[in-house]
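As given, the protein sequences belong to chains S and Y, one line each in that order. Oh and the first sequence: position 125 is 125 in the working numbering, straight run, nothing missing. Oh and the second sequence: position 41 is 41 in the working numbering, straight run, nothing missing.
Fair warning: there could be bad hints in the mix.
All copies of an identical chain are treated as equivalent in the list; a pair is satisfied when it fits inside any one copy or across any two copies.
[As the list claims (entries may be wrong)] Here are the computed lysine to any residue pairs in the SDA-like style, where the Cα-Cα straight-line distance is at most 25 Å: (1) Lys86 with Tyr259; (2) Lys100 with Trp64; (3) Lys65 with Leu97; (4) Lys190 with Leu136; (5) Lys65 with Ser101; (6) Lys159 with Leu50; (7) Lys163 with Asn63; (8) Lys170 with Glu135; (9) Lys65 with Tyr207; (10) Lys65 with Arg249; (11) Lys100 with Pro68; (12) Lys86 with Leu50; (13) Lys65 with Asn248; (14) Lys86 with Pro68; (15) Lys170 with Ala139; (16) Lys89 with Leu47; (17) Lys89 with Tyr259; (18) Lys210 with Asn245; (19) Lys222 with Thr244; (20) Lys210 with Leu165; (21) Lys181 with Lys222.
Bear in mind the hints are in silico, worked out from the structure with no lab data behind them.
2 protein chains.
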Amino acid sequence: MEILPVALVFFLATIVSTTQGYEPVLTHHIHLLKPKTGGARGSVPGLSCLSWRLAVETNNIINWKTVPAECEGYVGHYMLGHQYRKDSKVITNGAWLYAKSLNLTKDGKNVWVFDIDETTLSNLPYYAVNGFGTELYNATSFDEWVLKGTAPALPESLKLYQKLLTLGVKVVFLTGRGEDKRNVTTTNLKNVGYHTWEKLILKGSAYTGKTSYVYKSAERTKLVKSGFRIIGNAGDQWSDILGTNVGNRTFKLPDPMYYIS
Amino acid sequence: MEILPVALVFFLATIVSTTQGYEPVLTHHIHLLKPKTGGARGSVPGLSCLSWRLAVETNNIINWKTVPAECEGYVGHYMLGHQYRKDSKVITNGAWLYAKSLNLTKDGKNVWVFDIDETTLSNLPYYAVNGFGTELYNATSFDEWVLKGTAPALPESLKLYQKLLTLGVKVVFLTGRGEDKRNVTTTNLKNVGYHTWEKLILKGSAYTGKTSYVYKSAERTKLVKSGFRIIGNAGDQWSDILGTNVGNRTFKLPDPMYYIS
Numbered sequence: 001m002e003i004l005p006v007a008l009v010f011f012l013a014t015i016v017s018t019t020q021g022y023e024p025v026l027t028h029h030i031h032l033l034k035p036k037t038g039g040a041r042g043s044v045p046g047l048s049c050l051s052w053r054l055a056v057e058t059n060n061i062i063n064w065k066t067v068p069a070e071c072e073g074y075v076g077h078y079m080l081g082h083q084y085r086k087d088s089k090v091i092t093n094g095a096w097l098y099a100k101s102l103n104l105t106k107d108g109k110n111v112w113v114f115d116i117d118e119t120t121l122s123n124l125p126y127y128a129v130n131g132f133g134t135e136l137y138n139a140t141s142f143d144e145w146v147l148k149g150t151a152p153a154l155p156e157s158l159k160l161y162q163k164l165l166t167l168g169v170k171v172v173f174l175t176g177r178g179e180d181k182r183n184v185t186t187t188n189l190k191n192v193g194y195h196t197w198e199k200l201i202l203k204g205s206a207y208t209g210k211t212s213y214v215y216k217s218a219e220r221t222k223l224v225k226s227g228f229r230i231i232g233n234a235g236d237q238w239s240d241i242l243g244t245n246v247g248n249r250t251f252k253l254p255d256p257m258y259y260i261s
Numbered sequence: 001m002e003i004l005p006v007a008l009v010f011f012l013a014t015i016v017s018t019t020q021g022y023e024p025v026l027t028h029h030i031h032l033l034k035p036k037t038g039g040a041r042g043s044v045p046g047l048s049c050l051s052w053r054l055a056v057e058t059n060n061i062i063n064w065k066t067v068p069a070e071c072e073g074y075v076g077h078y079m080l081g082h083q084y085r086k087d088s089k090v091i092t093n094g095a096w097l098y099a100k101s102l103n104l105t106k107d108g109k110n111v112w113v114f115d116i117d118e119t120t121l122s123n124l125p126y127y128a129v130n131g132f133g134t135e136l137y138n139a140t141s142f143d144e145w146v147l148k149g150t151a152p153a154l155p156e157s158l159k160l161y162q163k164l165l166t167l168g169v170k171v172v173f174l175t176g177r178g179e180d181k182r183n184v185t186t187t188n189l190k191n192v193g194y195h196t197w198e199k200l201i202l203k204g205s206a207y208t209g210k211t212s213y214v215y216k217s218a219e220r221t222k223l224v225k226s227g228f229r230i231i232g233n234a235g236d237q238w239s240d241i242l243g244t245n246v247g248n249r250t251f252k253l254p255d256p257m258y259y260i261s
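From just these sequences and the hints, can you work out the full model?
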């Protein structure tokens, strides 16, 4: 472990500092990291975790179910260390430079689409104690976490959100979370600083069994048909930003922990 | 300089080892690196070059003209060091795993589209003495380099090419190089190991002033209309793999040195 637990605790505390009413048992969380990352020290024969992450982020490796076991330590350090934040900042800063360069009409039809999980809200407190994506997705335990409504904001995304509002851009949240999570999601978003939006679109039962790619494309198309202009679209998954009516510019935030098609 | 010039020379020599008749003045090339990277040691205030590269590779930062000056050393080390090769290998390996998983018809209609520059042939010997992308594109000097016909193969792409041929897949090269470079490109490709192809499509005068995105989309559409199935498509630029008829799977190879729209 090159990063001391103390530093991790400090960083995770910083991440969740914008959350209200969230009381993470940080010491417990972080200590679980140690035994799991023991095998990931040094170089991994046959696999560069750095290359794996680049291939994932560039949509070269697709439809993967779990992070390679030997990359748990690498992904954990990335997510809890400075680089994840730095990477997010360069991307959201690029989004802001783009948005403020636009000569926007004042007709209230300009929207920015944000995904939620790993885009506006962070599930890092959950993944930090569940192998950073090396374990198969567990709907039961993940739902339990989501229903707590204590996900912190991604700080750089929150800043982008706030700045977009100053331009008069309306925000649409488009999430793969189900309709049954509308209340907890609303509360969670507001608690961490996302106070207003034009629409919060959750995955309705009509899309059961449909991919996120299909669902999100269909919902964006509805937005456009109802007269909105999607000037920007940010998500951590390629399925957030590929498909139809993706928006004038798209922004792919980092997520080396899971893949959604 | 963390990497010794000797190591750089050795690596560049390895890169060009598949080239026939190429006599690089390596010592001269590499020594030019030193004064240029003097200011890039350590961290750069306000910019993480690693984050910049990720943002570029994920198509978040687009339409850029040059590599940020403070990232010349970083990009140079990346391109000449091990990581560029490792990143390329993970991607081409993924392409191969995909291709060999297919149950291909034997009708001779399955094609794989490869871009040329920084995809099958490397212009690293040129960029290594021209600031690794920190200098504005110079058509005159770049053309001079291309007309030498001594660009080495990208080793991992060459392996992928060779393995695809064993599956009976036909190769189509689709390049932004102009028709005036057909002969030198043909010779260069053959000299470094690309001995056969179905088509070598160069940018004809009909596309003058058109973007690569428009040109390549149009040419891929022609391919599909003439009965070919594009089972895969590899390029170092997003304009190689976005647009129409991009292929069943696309593969984005690394290129932090330049952007083509």
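Hints versus structure:
{"no.": "1", "hint": "Lys86 with Tyr259", "verdict": "both (21 Å within a copy, 22 Å between copies)"}
{"no.": "2", "hint": "Lys100 with Trp64", "verdict": "between (36 Å within a copy, 17 Å between copies)"}
{"no.": "3", "hint": "Lys65 with Leu97", "verdict": "between (35 Å within a copy, 16 Å between copies)"}
{"no.": "4", "hint": "Lys190 with Leu136", "verdict": "neither (30 Å within a copy, 46 Å between copies)"}
{"no.": "5", "hint": "Lys65 with Ser101", "verdict": "between (39 Å within a copy, 18 Å between copies)"}
{"no.": "6", "hint": "Lys159 with Leu50", "verdict": "between (28 Å within a copy, 22 Å between copies)"}
{"no.": "7", "hint": "Lys163 with Asn63", "verdict": "between (34 Å within a copy, 23 Å between copies)"}
{"no.": "8", "hint": "Lys170 with Glu135", "verdict": "neither (37 Å within a copy, 39 Å between copies)"}
{"no.": "9", "hint": "Lys65 with Tyr207", "verdict": "within (21 Å within a copy, 42 Å between copies)"}
{"no.": "10", "hint": "Lys65 with Arg249", "verdict": "between (28 Å within a copy, 18 Å between copies)"}
{"no.": "11", "hint": "Lys100 with Pro68", "verdict": "between (39 Å within a copy, 21 Å between copies)"}
{"no.": "12", "hint": "Lys86 with Leu50", "verdict": "both (16 Å within a copy, 9 Å between copies)"}
{"no.": "13", "hint": "Lys65 with Asn248", "verdict": "between (30 Å within a copy, 20 Å between copies)"}
{"no.": "14", "hint": "Lys86 with Pro68", "verdict": "both (23 Å within a copy, 16 Å between copies)"}
{"no.": "15", "hint": "Lys170 with Ala139", "verdict": "neither (31 Å within a copy, 43 Å between copies)"}
{"no.": "16", "hint": "Lys89 with Leu47", "verdict": "between (28 Å within a copy, 10 Å between copies)"}
{"no.": "17", "hint": "Lys89 with Tyr259", "verdict": "both (21 Å within a copy, 21 Å between copies)"}
{"no.": "18", "hint": "Lys210 with Asn245", "verdict": "both (18 Å within a copy, 23 Å between copies)"}
{"no.": "19", "hint": "Lys222 with Thr244", "verdict": "both (11 Å within a copy, 23 Å between copies)"}
{"no.": "20", "hint": "Lys210 with Leu165", "verdict": "neither (32 Å within a copy, 36 Å between copies)"}
{"no.": "21", "hint": "Lys181 with Lys222", "verdict": "within (21 Å within a copy, 47 Å between copies)"}
Comparing the model with each numbered hint stated earlier shows that hints 4, 8, 15 and 20 do not hold.
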